[in-house]
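**Q** Kindly produce the complete structure, drawing on both the sequences and the hints.
Chains as they are written, first to last, in my numbering: chain A, 1 to 115; chain B, 116 to 229.
Simulated from the structure, these hints should not be mistaken for lab results. Glycine is no exception: its CB is placed at the ideal position from the N, C-alpha and C atoms. One or more of the hints may lead you astray.
[What the hints assert, rightly or not] Restricting the straight-line Cα-Cα distance to at most 25 Å, the calculated cross-link-like pairs of lysine to aspartate or glutamate (DMTMM-like) are:
1) B:K216 x A:E62
2) B:K164 x A:D38
3) A:K71 x A:E22
4) B:K216 x A:E56
5) B:K164 x A:D26
6) B:K216 x A:D26
7) B:K216 x A:E72
8) B:K216 x A:E22
9) B:K216 x A:D38
10) A:K70 x A:E30
11) B:K164 x A:D59
12) A:K3 x B:E203
13) B:K164 x A:D28
[As the list claims (entries may be wrong)] Residues of chain B clear of chain A, computed beta-carbon distances all greater than 12 Å:
14) S129
15) K183
16) R192
17) S199
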Amino acid sequence: DVKVTQSSRYLVKRTGEKVFLECVQDMDHENMFWYRQDPGLGLRLIYFSYDVKMKEKGDIPEGYSVSREKKERFSLILESASTNQTSMYLCASRTSGSAGANVLTFGAGSRLTVL
Amino acid sequence: AQSVTQPDIHITVSEGASLELRCNYSYGATPYLFWYVQSPGQGLQLLLKYFSGDTLVQGIKGFEAEFKRSQSSFNLRKPSVHWSDAAEYFCAVGLNTGFQKLVFGTGTRLLVSP
Numbered sequence: 001d002v003k004v005t006q007s008s009r010y011l012v013k014r015t016g017e018k019v020f021l022e023c024v025q026d027m028d029h030e031n032m033f034w035y036r037q038d039p040g041l042g043l044r045l046i047y048f049s050y051d052v053k054m055k056e057k058g059d060i061p062e063g064y065s066v067s068r069e070k071k072e073r074f075s076l077i078l079e080s081a082s083t084n085q086t087s088m089y090l091c092a093s094r095t096s097g098s099a100g101a102n103v104l105t106f107g108a109g110s111r112l113t114v115l
Numbered sequence: 116a117q118s119v120t121q122p123d124i125h126i127t128v129s130e131g132a133s134l135e136l137r138c139n140y141s142y143g144a145t146p147y148l149f150w151y152v153q154s155p156g157q158g159l160q161l162l163l164k165y166f167s168g169d170t171l172v173q174g175i176k177g178f179e180a181e182f183k184r185s186q187s188s189f190n191l192r193k194p195s196v197h198w199s200d201a202a203e204y205f206c207a208v209g210l211n212t213g214f215q216k217l218v219f220g221t222g223t224r225l226l227v228s229p
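**A** What follows is the structure in structure tokens.
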């Protein structure tokens, strides 16, 4: 079964810590995405990546960076975690084929609490 | 800019009753339209999608949705709800040109009563 795996389901970090959220997909997808999910706000796009070493800012990139050194792995980095970054983080991937086949496959999410 | 509105934050339906979840979008052309479901503690799973053609689309788990261009809507329906359908449902739209980014609605949480 193809999947997107987020290695950390639950994390608790302290303000100012550097945080890495890892996402790995086994579908050979070119595009990968990081969203954060907050009650009443739905999903908001943080960063996305067209392909290896390619990255683009989404709608709320402030306070985050990303890394895509290998096709299957897309990492979200919080350089200095703050309490307002407490959230559920969802990784997703998709093929870059025809737009008609463009469907996101999501990981199970990483719930981050910053104290 | 494209936007998605899910006007109902919570909906409670009795088991066996019918369900309709509302979704309205704002976009100049016909977008790609999606419904995703998120069970507690899980990621999002695609229920169904509309790209073109027949405006009534069938999805998994007995769900269907109808695209109505005149109303800019893509409402999700199910004739008979099961307790396992309790989850959060997200409508999403995507541009149909260029690199497609999805814009998600704020979600509707479905509660199923016995």
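**Q** For each hint, tell me whether it holds in the structure or not.
**A** A quick look at each hint next to the structure:
no., hint, verdict
1, B:K216 x A:E62, "holds, 18 Å"
2, B:K164 x A:D38, "holds, 24 Å"
3, A:K71 x A:E22, "holds, 13 Å"
4, B:K216 x A:E56, "holds, 11 Å"
5, B:K164 x A:D26, "holds, 23 Å"
6, B:K216 x A:D26, "holds, 21 Å"
7, B:K216 x A:E72, "holds, 20 Å"
8, B:K216 x A:E22, "holds, 21 Å"
9, B:K216 x A:D38, "holds, 19 Å"
10, A:K70 x A:E30, "holds, 10 Å"
11, B:K164 x A:D59, "holds, 23 Å"
12, A:K3 x B:E203, "holds, 21 Å"
13, B:K164 x A:D28, "holds, 22 Å"
14, S129, "holds, 25 Å"
15, K183, "holds, 21 Å"
16, R192, "holds, 21 Å"
17, S199, "holds, 18 Å"
In terms of the numbered hints stated before, the structure departs from none.
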